[in-house]
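A.B. asks: Below are the chains, spelled out letter by letter.
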Amino acid sequence: MKTLGKIALVLVLLFLYVPIFVLIVFSFNETKSRAVFSGFTFDWYIKLFNNRIIIRSLINTLIISAAASIISTVLGTFAAVGISRMRKLPKKLILGATNIPIVNPEIVTGVSLMLLFVFFTARMHFEFGFATLLIAHITFDVPYVVLNVMPKLAQMDPNIYDAALDLGCSPIKAFRKVVMPQILPGVLSGFIMSFTYSLDDFVVSYFTSGPTTQTLPITIYSMTRRKVSPEINALSTILFLVVVIALLVRSGMFRVMEKRRNRQ
Amino acid sequence: MKTKLLSVPYLVWMGVFMIVPLLMVAYFALTDDNGTFTLNYITDVGQYANVFVRSVGLSVIATVICLVIAYPIAFLLSGLKQHRSMTIVMIIMLPMWMNFLLRTYAWMSLLGNNGYINHVLGLIGIGPYKLINTSGAVVLGMVYNYLPFMILPLYSVMEKIDPSLYEAAGDLGCNSRQVITKVVFPLSVPGITLGITMVFVPAVSTFIISRMLGGGSNLLIGDLIEMQFLGNAYNPHLGAAISLVLMVIVLLIMTLMNSFDNEEQVLV
Chain G
1 MKTLGKIALV
11 LVLLFLYVPI
21 FVLIVFSFNE
31 TKSRAVFSGF
41 TFDWYIKLFN
51 NRIIIRSLIN
61 TLIISAAASI
71 ISTVLGTFAA
81 VGISRMRKLP
91 KKLILGATNI
101 PIVNPEIVTG
111 VSLMLLFVFF
121 TARMHFEFGF
131 ATLLIAHITF
141 DVPYVVLNVM
151 PKLAQMDPNI
161 YDAALDLGCS
171 PIKAFRKVVM
181 PQILPGVLSG
191 FIMSFTYSLD
201 DFVVSYFTSG
211 PTTQTLPITI
221 YSMTRRKVSP
231 EINALSTILF
241 LVVVIALLVR
251 SGMFRVMEKR
261 RNRQ
Chain S
1 MKTKLLSVPY
11 LVWMGVFMIV
21 PLLMVAYFAL
31 TDDNGTFTLN
41 YITDVGQYAN
51 VFVRSVGLSV
61 IATVICLVIA
71 YPIAFLLSGL
81 KQHRSMTIVM
91 IIMLPMWMNF
101 LLRTYAWMSL
111 LGNNGYINHV
121 LGLIGIGPYK
131 LINTSGAVVL
141 GMVYNYLPFM
151 ILPLYSVMEK
161 IDPSLYEAAG
171 DLGCNSRQVI
181 TKVVFPLSVP
191 GITLGITMVF
201 VPAVSTFIIS
211 RMLGGGSNLL
221 IGDLIEMQFL
231 GNAYNPHLGA
241 AISLVLMVIV
251 LLIMTLMNSF
261 DNEEQVLV
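The listed protein sequences correspond, in order, to chains G and S. By our numbering, the letter at position 169 of the first sequence is numbered 169, and the numbering carries on one by one without gaps. By our numbering, the letter at position 62 of the second sequence is numbered 62, and the numbering carries on one by one without gaps.
A portion of the hints provided could be inaccurate.
Unchecked claim - So the derived list for chain S, only partly shown, Cβ under 8 Å to chain G, looks like this: (1) Pro-9; (2) Val-12; (3) Met-18; (4) Leu-147; (5) Pro-236.
Treat the hints as calculated values from the structure; they're not laboratory data. All residues carry an ideal CB built from backbone N, CA and C; glycine is no exception.
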């Protein structure tokens, strides 16, 4: 099993990385050919940066992801605090419902929200666009915040909060000074998770966006549907580098934090 | 009492934007344009039985392939020192951080008739083969996109198995194969069931992988739903009915997987 595992691991790493590697190599190809490398060029990158639609949809994606994840973090953190104080049965029911958007096929979430928005657009002055996208993103983001904060609250001794109240803290101050520091790691990981899910989401956005507000994944999709252009390869290369750098920074931060902890 | 109220905005939000939309799916599936109750759309789904069979079939194949590939890898990783296995897990997960459209696009350009694979095969004098727009390409796309979702839960379960159990089993007369079948396998069941769910659910409901790699002839459930809402065949009632059936399939597979988990716990 060990040797089998080693062979499988090497093959899987090749399988995972060769397509990306080929994609990157052909982003520097002079011609549009996807098979023959004829000469080196940066043209596709220049074209990419001059492509207004792509830049616009990148900005849209960043705005929507930031707004959705911030709103979700506030909404979800308060919700988790409230839910943690509930009795067993309502708690169980609500947490079960919180799982639905995570478990449900994305396409069903997208389609169901589209039905709701169509209902509204038919009756009110309301269009598919920024608002519908934001609502949709918040809806699939909040559960991740709730589910990340809940365990931190469960680990916390509830008496500490009551003690702070007894010692003269106002409920808001007690929350800020006592509860918040303890659940902060959960809040942060919930925020980061919802931000990355929003950045990456295609399926739900596809059903809830309008012609005016496109996100980057939707633009990428329409690019792959039209004529092949190495601009996609250039975009992939840039995004791949961003991901690699982000993950390296993250693991570097972890290492620094661990060293500090060890010193203490 | 006051603190509980903090969850009210969330409950209202999820009620309006999650529960109500899902109820609307059910309502659309069970009514016609005039709002009268009908089961016609549900029975109409039966016409697309071949699409359902294809979706479930290809997803099962992809899930099995993922399991077979991921199992030995997860076992190998679980035996390594933690910082090494964590590094490898990170390298395996890294492509998942790139948008799946780009990952699938990479295979589109590799498998295409004028793509890189056929070009290389041509250099050694074979091919060209029709690689893209086949059901095999769809399975490949599923495996490529979801394989890490199988490796991760398997690894995290196997990593927690105490290695002295293997020694104990060996001392008690197990050969290395029996150690795998009698010790590793039963203890890794929770990882297997979670991995199956995490691969099967997105695979059975995908609509992009099939469109990009399967061409027009490998329609899946997701494509069918998308066509009813955004395609030429606009029919939200039928689309809602298909979505409802898809949810039932997903629910069934998850209940099945959960029941395996519970049985194991009873045995232990």
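A.B. asks: If a hint holds in the structure, say so; if it does not, say that too.
C.D. replies: Checked hints:
1. Pro-9: Hint holds; S:Pro-9 Cβ to chain G Cβ min 6 Å, cut 8 Å.
2. Val-12: Violated, about 10 Å.
3. Met-18: This hint holds: S:Met-18 lies near chain G, its Cβ roughly 6 Å from the closest one there, short of 8 Å.
4. Leu-147: This interface hint holds because 7 Å falls under the 8 Å limit.
5. Pro-236: 7 Å, holds
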